[in-house]
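Novice: Chains as they are written, first to last, in my numbering: chain A, 1 to 515; chain B, 516 to 839.
FYI, nobody ran anything at the bench for these hints, they're computed from the structure.
Don't take each hint at face value.
[Claimed, not checked] Okay, the calculated beta carbon distance ranges per label pair: (1) Leu604/B x Leu309/A: 53 to 61 Å; (2) Asp394/A x Ala577/B: 17 to 25 Å; (3) Pro116/A x Leu682/B: 53 to 61 Å; (4) Ala219/A x Ala602/B: 24 to 32 Å; (5) Pro605/B x Val186/A: 25 to 33 Å; (6) Arg158/A x Gly701/B: 33 to 41 Å; (7) Arg158/A x Val547/B: 52 to 60 Å; (8) Gln799/B x Leu309/A: 13 to 21 Å; (9) Arg293/A x Ala577/B: 22 to 30 Å; (10) Pro116/A x Val547/B: 57 to 65 Å; (11) Leu589/B x Gly345/A: 50 to 58 Å; (12) Gly701/B x Glu161/A: 50 to 58 Å; (13) Lys184/A x Ala577/B: 29 to 37 Å; (14) Tyr597/B x Asp343/A: 56 to 64 Å.
For each residue, glycine too, the CB sits at the ideal point set by N, CA and C.
Each chain, letter by letter, is given below.
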Amino acid sequence: MAPPRPRLSRRDALRLGGLALPALALPSLLTACGSAAGTPGTVLRVAQTSDPKTLDPQKQGDLTSMNVLINMFDTLTTRGPDNQLKPGLALSWSSPDPLTWRFKLRPGVKFHNGEPCDAKAVAFSINRLLDPATKSPIVELRYVKQAVVVDPLTVDLRCSEADPIIPAKVSLFGGVAVPPEYLKQVGSAGFAKHPVGTGPFTFEEFERDHQLRMRANPAYWGGKPAYDELVFLPMADPSSALASLQSDEVDIVAGLTPDAALQIQGYPGVEIRHFPGIRTSYLSLDTTQGPLRDVRVRQALNHAVDVPLLIKAVLDGKAREVPTMFPRESFGFDPSITPYTRDLGEAKRLLAEAGYANGFDTSISALTADSNVAEAISGLLAKVGVRARVDLVDSGTYTSRLTSDNRGALGPIYLAASTGWTLDAESLVQSNVRHDRRQSRWHNAEADRLIDGEELSLAPADRQKAFTSLQQLLKQEAPFVFLYQIDNVYAVNTRPTWQPGVVGVLAMASARVTP
Amino acid sequence: MTAPVTTATRLPARAGAGVLRVVVTKVLTAIVVLFFVATAAFLLVRLSGDPVKLILPPDATAAQEATLRASLGLDRPLITQYLDYLAGLPRLKLGTSLVYDQPVTDVLFSRIPATLELAGAALLVALALAVPAGTFAAMRRGRAGDSGVMAGVLVGQSTPAFWVGILLILIFAVQLKILPASGYGGIEHLILPAVTLAVYSVAVIARLLRSSLIDVLGSDFIRTAKAKGLGTGGIVLGHGMRNAALPVVTVVGLEVGSLLGGAILTEQVFSWPGLGRLTVEAIQNRDFPLVQAAVLFFAATFVIVNLLVDLSYTILDPRVRVTS
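Bound conformation, chain A alone (with noise of 0.2 Å):
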């Protein structure tokens, strides 16, 4: 039986290759392969899963746009790979008043097209993300009022609240700077079509869902980058992504999933590289209701869902456990608290005790890409006896029942996982833990004080002892289990090195090219 398989599947192929003869009949098209043959110089390709949704930087919010346009526009402060905050299009910052944040520019910084990027720019771009008529999607600024010139390199941002947080906002498209002489030569529908920033690189071309081309920009203020071209390509399918870095079309393949950068192990002259991410993921717990109210079930499910079990099984390792929902290398991360310890049999005592010996029947909201993740964590939920049905959902369904009037839109439980882009740990509580935010299912008198405390405080000290506490509260009353930080995932020939940062967002100026 065993040795006419081979004769056949090889008939099979060669019937295949009778199909694409024609292909065969043009060699001379075929060396023309490739999106950038031709282009001089060293070009550095990366396929992300979908194109920039607009190239104006203030109407967009998504993270493949922001990939795409960091390279071209800066923002006033920025994040080394250190994670750090630094100078970006400002040198310094300072709040004068609580209500007030001043901003020292960068002197010299022209954009793309000459224009100087000053004050006066600078607070053009705020105000102009600030209209309603821009119908911007960045929220960030939620508390700013406006931005004023206070001289020809210093802007002042006007809040109507204390907002602490405001230099780590304005490293994201908050603080993007673009340019005002040319947008009103050109309009808003002009600049989206050819953009014009301040960034490493200059924008080039733009075929939607085929490929987006930059060059390096000789005149950059922080120096030009060490290869000539930049291309974004979108492959929306993982497989296709991978299969085109084995044909040597793309260098990186960025946003892959654990279990899809498995496909290639062990394919020469490509590899996986994981670092560090912080999207943070966790269960949201309807603590108004049913079994849920009890402290006892919720801290029961924290013991019985096994994270590090979880991690290796389902995530291939690509995750780091989390204490409670602040990752890591947020600013009020307090290492001193530790994650809860997975005990089985603590778990069902704790269940026994509520009154819940046979456990209970419930049930868990996912995204359809996280059904991996969610079937796990049900069957780990069965061992101490909680029956929880897995709902799946595709992702304009979740969003629309997340920020719906009726918290409980989602079920009793829900898959969630946030990106706190500003590195601090506000991010991540700002609309789920005080009773009156959007997605909390929780009221505890003591969360809200803490949340006030390092919401309108300005001072950093104040704010990580608030934030400390409402950590020991939140792993204590546990309405939430807490589960990991994901790994960014790239999957890349041996042409690039660069090291990303754990926002992971796509900034491709310090990267170096192997010709």
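Model the placement of chain B on the given structure of chain A, informed by the hints.
Specialist: Below, chain B without anything else, positioned relative to chain A:
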């Protein structure tokens, strides 16, 4: 969709004026169909959820949501939005994409060429493979060649397009490295996606052509032709094909629709910058104006192709013209 044969047989004897009347009736019907499609698209996308929730991050405040909703015009009464939308249709003013912030017609028209290129190439590949295969099978009816072709056809018809696509990528891009795995550009980029998309259609067309030819070859006029001493080739090409073509044309027309539909998966696998991928993304983003426009475009294509199929009957089959 109307059954083409019934309408075709209703054509009057005086072909010229009659054809014109049929065309006018058909075009009017098409407009009514498109009106209903437009209405259904408008209502269905609005049932699917709120785009503002997807544009803004989950931690946006309710006030921020309300501001954006108002600036997108989504806070207006449904009936106002609907009437605006209808008023724009005849002038092809289909609104501004919520996500791309560009007129949807610009977004749509920039993608149509890529999809037409892919679907057109796939149709050519399908016909180039299916016609010889179907003819060959019909002539070898019941023999090994026939069974071989039909077995191949069965495999082609029952294999999902995305799987064929991944298989082709693995063979020609990853292993042999002679064709690109994805992207858009020269002919070399077109080959794998076009073949992938064509596989199903090859099967459908070959199978139908075979049975249709077998039918025709068994009929009286073929026997007459044989009696006149014509060779097999002459009979099949000169008499058989023309008569067998009728149902095949119908199915080729329908295949244009399924090629456009199939393009959604194929474009995803090969990162092809066409309408299929655009539509999938627009639906995921709840980009109302763009989804509406894309649905209308697909519907209009179906309607036009059906119209052309109907009319082609009068050319292919003289009987259709004289039946009153």
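Novice: Now look at each hint and say whether the structure bears it out.
Specialist: Tested hints:
1. Leu604/B x Leu309/A: 53 to 61 Å: holds (57 Å)
2. Asp394/A x Ala577/B: 17 to 25 Å: holds (23 Å)
3. Pro116/A x Leu682/B: 53 to 61 Å: holds (56 Å)
4. Ala219/A x Ala602/B: 24 to 32 Å: With Cβ atoms ~49 Å apart, the hint is violated.
5. Pro605/B x Val186/A: 25 to 33 Å: holds (31 Å)
6. Arg158/A x Gly701/B: 33 to 41 Å: Violated - the Cβ-Cβ distance for Arg158/A and Gly701/B, about 55 Å, lies outside 33 to 41 Å.
7. Arg158/A x Val547/B: 52 to 60 Å: 58 Å Cβ-Cβ, so the 52 to 60 Å window holds.
8. Gln799/B x Leu309/A: 13 to 21 Å: violated (33 Å)
9. Arg293/A x Ala577/B: 22 to 30 Å: The hint (22 to 30 Å, Cβ to Cβ) holds, given that Arg293/A and Ala577/B are roughly 26 Å apart.
10. Pro116/A x Val547/B: 57 to 65 Å: holds (59 Å)
11. Leu589/B x Gly345/A: 50 to 58 Å: Because 53 Å falls inside the window, the suggested range holds.
12. Gly701/B x Glu161/A: 50 to 58 Å: For Glu161/A against Gly701/B, whose Cβ atoms are near 57 Å apart, the range 50 to 58 Å holds.
13. Lys184/A x Ala577/B: 29 to 37 Å: holds (34 Å)
14. Tyr597/B x Asp343/A: 56 to 64 Å: Holds, at about 59 Å.
Checked against the numbered hints above, the structure violates hints 4, 6, 8; every other hint is satisfied.
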